[in-house]
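*Asks:* Numbering-wise, my numbering puts 518 at position 518 of the sequence shown, and it's gapless, one number per residue.
Think of the hints as simulated: they come from the structure by calculation, not from any bench.
All C-beta atoms, glycine included, are put in the ideal place defined by N, C-alpha and C.
Check each hint, because a few of them may be wrong.
[Said to hold, decoys possible] List time: in silico SDA-like cross-link candidates among lysine to any residue, alpha-carbon distance up to 20 angstroms:
id, residue 1, residue 2
1, Lys160, Leu214
2, Lys497, Ala548
3, Lys160, Asn370
4, Lys316, Ala298
5, Lys467, Asn370
6, Lys160, Ser136
[To be verified] Derived CB-CB ranges, DEER-like:
id, residue 1, residue 2, range
7, Val55, Thr277, 50 to 56 angstroms
8, Leu187, Glu406, 43 to 49 angstroms
9, Asp576, Thr382, 32 to 38 angstroms
10, Leu48, Leu581, 34 to 40 angstroms
11, Ser285, Glu315, 39 to 45 angstroms
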Amino acid sequence: MSIYSIIQFICGIAFFLFGMLTLSENLEKSAGGRLERVLKHAQKKPALSLFLGMVITMVIQSSSATSVMLVGLVNSGIMEFAGTLYIIFGANIGTTVTAWILSLAGIESKNIFVSMLKPENFTPFLALLGVILIMSAKKSRQRDAGRVLIGFAVLIYGMKFMTSAVSPLADTPEFASLMVKFENPFLSLIAGIVITALIQSSSASVGILQAFALTGAVTWSTALPIIMGQNIGTCITALISCIGGSKNAKRVAAAHTSVNVIGTAVFFTLFEILRITAGGPFFSSAISPVGIAAAHTAFNVLSTLLILPFTAKLEKLICRIVKDGAPEKDGISALDERLFMSPSVAVSECMSKTREMARLSRDTVLLSLNQISKYDKKVSDTVADNEKRSDMYEDMLLTSLVRIAEKSLSDEDSARVSRMLYTVSDLERMCDHALHISLDTGELLEKTKGYSDDAMRELSVLSAAVKEITQITSDAFLNNDPLLAVNTEPLEQVIDKLTAKMHKNHVKRLQSGACTIEQGLTFANLLSDLERISDHCSNISAAVIELAHGSFETHRYLHGVKHENEQFNRIFEQFDKKYTL
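Can you make the complete structure from the sequences, with help from the hints?
*Replies:* Laid out in structure tokens, this is it:
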């Protein structure tokens, strides 16, 4: 084997791994947050979990990526450990599809239709289509599809390079003697573990084995232990990813490893018994790429069927291996690092956290508004706690969103990130103003008997308007409803009109002595906080509307919507009649 063949083989491995990475990343990007949503939905349904684990791994072409995703989701508290076991079973089966695609490389036929099934023959057409999509498509999803096709083409030609590089080895005595050494099943098992652990992909290591199989020098007795070892080696990615994770994240990695180790222990023992007792020409005969694909699938399917009846016992075993430690902190921290390896999943989780924050801000504002008419110290403490949580939400989300924004995202995910970046600070400021309202109301009652009857009547009208705009904004954001969001800005203008009139009435009461200086100061602060809450509601709803139109020129929208807009004027008049002093 010449130095050029070695260089070609290394180049083939590089192309193969790069193609697989490109294929996997763009398939995952195309799937968006749907991967995470279906995983969470399926975790309490064993049959569905197994099926989805298999399908998702077929889609993203990596059981390692699926297991790392599960580690991240469990470590973030999004999924429970028990709900991941069947997904892991399915992932082990789903990862075998790559070997079947690569096995088509061994097809030999003079029939043009059969010959076109050979990947290297139809791949150029896919690559051309991929280039056309990348260069001409306007939608990111179509461009991502083009990158998927390019990734597949690079993967296939990487396989071709490897095959071409190792084909001369068939007639090399040194290679033949090396294969004799690998007749030792324990050596083959270790080789499968080490090679797969180094490249962190069982699909890639199976592809390399299939390339060598085309030389005709790899036997069944050599290949079967290597395939078993490959299934153990692929667990290294999940084991590395769980370092520093929660106990449940470590349990996911331990479960993935245990499933493959148990399956290997059982079938390797069975293999050795058959090899020693029966032997025969089968074990010494050459294995084909199709045989490798079939063995890979059979091993994973049979391992799953073997362990499936003992899932509950496996769960208990894993929980004993990874014991409960000190109670894990209950707080709002940054997203688990592993989720950033799957940007679409990270976006989906940020959206989930932003929804939680939106509900928290809505509830906090409503609690503080109730304080104006009926003050309660316990409610005030709740408002203060909620405000602290909103600060934590803001820190976590902005940190995570800035990191995600640097990733390659689909148009849909990019729009969701923009929407969150435009709203998180407004949600946090709403809680700040709610806290001010609660504190000012409590301080006023400590020093005086409260506001005058006229002031309370005015505040009841304004509070009702702020409650409605808060509820409208919350519903519009949570449901991503631009039609509902258009009601916010007209109501915000009504609230501005109310506060302006209340300021004038407040000055008159101060001048007549109907209101004390202390009452006057807190009343002015209260009006300012209520008006600012409505302003933040306006910003949030504007972001929802602008997202629907594909742009975020919020200030331009807010300026334009108030002028010569019949819909705005009609809604404004309805709210103006509803909230009058």
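*Asks:* Taking only the CA atoms, is the gap from lysine 160 to leucine 214 under or equal to 20 angstroms?
*Replies:* With Cα atoms ~11 angstroms apart, lysine 160 and leucine 214 stay inside 20 angstroms; holds.
*Asks:* Can you confirm whether the C-alpha distance between lysine 160 and asparagine 370 stays at or below 20 angstroms?
*Replies:* violated (72 angstroms)
*Asks:* Lysine 316 and alanine 298: Cα distance at most 20 angstroms?
*Replies:* It is violated: about 27 angstroms lies between the C-alpha atoms, which goes past 20 angstroms.
*Asks:* Is the hinted range of 43 to 49 angstroms satisfied by the C-beta distance from leucine 187 to glutamate 406?
*Replies:* Given range 43 to 49 angstroms: holds, Cβ gap about 45 angstroms.
*Asks:* Determine whether the Cβ-Cβ distance between valine 55 and threonine 277 falls within the hinted range of 50 to 56 angstroms.
*Replies:* Once the Cβ atoms are compared, 39 angstroms apart, the range 50 to 56 angstroms for threonine 277 and valine 55 is violated.
*Asks:* Taking 39 to 45 angstroms as the hint, is the beta-carbon distance of serine 285 and glutamate 315 inside that range?
*Replies:* holds (41 angstroms)
*Asks:* Does the structure keep lysine 497 and alanine 548 at a Cα separation of 20 angstroms or less?
*Replies:* violated (29 angstroms)
*Asks:* Verify the CB-CB distance for leucine 48 and leucine 581 against the hinted window 34 to 40 angstroms.
*Replies:* Roughly 57 angstroms apart at Cβ, these two residues miss the hinted range, so it is violated.
*Asks:* At the C-beta level, are aspartate 576 and threonine 382 separated by a distance inside 32 to 38 angstroms?
*Replies:* Since aspartate 576 and threonine 382 have Cβ atoms about 33 angstroms apart, the given range 32 to 38 angstroms holds.
*Asks:* Hey, lysine 467 versus asparagine 370, does the alpha-carbon distance stay inside 20 angstroms?
*Replies:* holds (10 angstroms)
*Asks:* Check whether the Cα positions of lysine 160 and serine 136 lie no farther apart than 20 angstroms.
*Replies:* violated (29 angstroms)
Figure legend: structure checked against the earlier numbered hints; hints not met, in rising order: 2, 3, 4, 6, 7, 10.
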